[in-house]
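K.L.:
Given the coordinates of chain A, assemble chain B onto it according to the supplied hints.
If you read the sequences in order, they're chains A and B.
Quick note on numbering: the first sequence equals residues 501 to 733 in the numbering used here.
Quick note on numbering: the second sequence equals residues 413 to 685 in the numbering used here.
Fair warning: there could be bad hints in the mix.
To be verified - Simulated DEER-style distance windows between Cβ atoms:
(1) Ala711/A / Pro683/B: 52 to 58 Å
(2) Lys566/B / Gly623/A: 56 to 62 Å
(3) Ser522/A / Pro684/B: 37 to 43 Å
(4) Ser586/A / Ser583/B: 38 to 44 Å
(5) Arg465/B / Ala563/A: 52 to 58 Å
(6) Arg643/B / Ser522/A: 30 to 36 Å
(7) Asn717/A / Glu575/B: 23 to 29 Å
(8) Ala719/A / Glu579/B: 51 to 57 Å
As the list claims (entries may be wrong) - Among chain B residues calculated to face chain A with C-beta under 10 Å, some are:
(9) Arg442
(10) Leu483
(11) Leu586
(12) Leu592
(13) Thr608
Keep in mind that the hints were calculated from the coordinates and are not lab data.
Cβ coordinates follow ideal geometry from the N, Cα and C atoms, glycine included.
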Amino acid sequence: METGSFRTALELLATLDPDVTSALAVSLEVAAISTVLAALLGCPLGFLVATRDFRGRWLAEVALRTATALPTVVVGLVTYALLSRSGPLGMLGLLYTRTAMVLGETILVTPLIAALTMAVVSGADPRIEETALTLGASRTRAALTVLAEMKRGLMAALATGFGRLISELGIALMVGGNIRGVTRTMTTAIALETAKGDFALAFALGCLLLAVALVVNAAVAAWSLMVPGARPC
Amino acid sequence: MQRPLLPCWLLIAMLAALPIRPVGAESRLRLSTTTSTEESGLLAAILPRFEQRFGIRVEVIAVGSGKALKLAENGDVDAVLSHAPELERRFLEAGLGVNPRSVMENDFVLVGPPSDPAGVRNAATVAEAMGKIAAARAPFLSRGDESGTHQKEKALWRAAGIEPKGEWYLSAGLGMGEVLRMAQERRAYTLSDRGTFAAYRAKGDLAIVHEGDPALANPYTVIAVNPARHRHVHYVEAMILIAWLTSPEGQEQIGAFRVGGQALFRPTAIPPQ
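Chain A on its own, in the form it takes in the complex:
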């Protein structure tokens, strides 16, 4: 790698080149919104599978765990087929927008957050929910109490989901289209710069991506320590 080109790449990062900041903003926006949506869907789902007895519960558990291994290109392909103008949801005109990316990424990471929630809640003391019910809480209220007790584990689940999303390439490329300034993310920009043979810029973008992951995880770790009852790791 030429040192000159690497210096140029670092300069692009340091001077907040608009292409770089826009890719960073798109990455953060899509990953953050998708994580929140996946949490709204995945946490209740994981909670129900972990705490309710129903026929086929074992099957649901296996299905959830299997879905955490969903290949991103398969989710990308399915989302593409759904959203293409020639597909069932084509009239919405969503393909190659950030909304399409959010949809695909949410599908990808909901099972992951659900499975992690399931694991966290299974480890919770069953008396928490019973006590809440005894004290006259509604079932929803009792469930929220359990989830609140487990908030550190849940936050770790969300951070894991966010980490998977911000580093995701397949869906971003297939349903986002890597449009400059619109749907170009950090990862699709890295793929493009690598294809162009500009390894220095690709590498610099990769460092920036890691830095974002570091900041997010450091924030979550700091928050966990401040929560009452936290044990130092």
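P.N.:
Same frame as chain A, now just chain B:
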């Protein structure tokens, strides 16, 4: 059970608030195109002028020509700029696109290791050169992705009367830049458009081993998606882009585009006087 509805409403509210940005007076156009026009930097260099002048933002989706035409067929883009004459002919015959205009051309080059193990440099024609590679069973890397370059490569093998098969023939399924990198690593021959090869920054010691045969011509055509087939397409915007690309100003911009002092595309829309 009133409460569980809350997450649903939150979800709907968030979906509604998702980044569908107001476009205001600015209109938008989607162009699917080949990797060569994006990876060489051409579109990034010339389109801002068009966008500023007409207030039309162009969203470029760079894929192989085969897929670019497929996106146009599905109505996922408004116009397509490709370099695959045979596919374009079929695309137009099927009524999928209208108003094709030739925009520019460059040419394909055979590239390979400078040591040239198959002795391709002495070949008089590209057919002879391909024959030498096959006879020497020297590694040849194919794009293998139905792109314009892949179409051209298949046509060249056909013209040379060779069916490329065997361990020496590697099908990558990747874009041009990635294939150039692989060719360099694997010491293989490959076919590249001159633009991407010139713009590729990490080509190492890959060298042009054959060029100049008329069979290596590489014409680029822009086509508007048939608005009768897909009513939602931005047909007028597409036609403005086609008009500008083939106008004296657009053609002049294409001709003036340089990478490392080298012109990569020759404008062809306006016949010389």
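K.L.:
Indicate, hint by hint, whether the structure satisfies it.
P.N.:
Structure-based check of all given hints:
{"no.": "1", "hint": "Ala711/A / Pro683/B: 52 to 58 Å", "in the structure": "holds (54 Å)"}
{"no.": "2", "hint": "Lys566/B / Gly623/A: 56 to 62 Å", "in the structure": "holds (58 Å)"}
{"no.": "3", "hint": "Ser522/A / Pro684/B: 37 to 43 Å", "in the structure": "holds (41 Å)"}
{"no.": "4", "hint": "Ser586/A / Ser583/B: 38 to 44 Å", "in the structure": "violated (28 Å)"}
{"no.": "5", "hint": "Arg465/B / Ala563/A: 52 to 58 Å", "in the structure": "holds (54 Å)"}
{"no.": "6", "hint": "Arg643/B / Ser522/A: 30 to 36 Å", "in the structure": "holds (32 Å)"}
{"no.": "7", "hint": "Asn717/A / Glu575/B: 23 to 29 Å", "in the structure": "violated (54 Å)"}
{"no.": "8", "hint": "Ala719/A / Glu579/B: 51 to 57 Å", "in the structure": "holds (52 Å)"}
{"no.": "9", "hint": "Arg442", "in the structure": "holds (7 Å)"}
{"no.": "10", "hint": "Leu483", "in the structure": "holds (8 Å)"}
{"no.": "11", "hint": "Leu586", "in the structure": "holds (8 Å)"}
{"no.": "12", "hint": "Leu592", "in the structure": "holds (7 Å)"}
{"no.": "13", "hint": "Thr608", "in the structure": "holds (9 Å)"}
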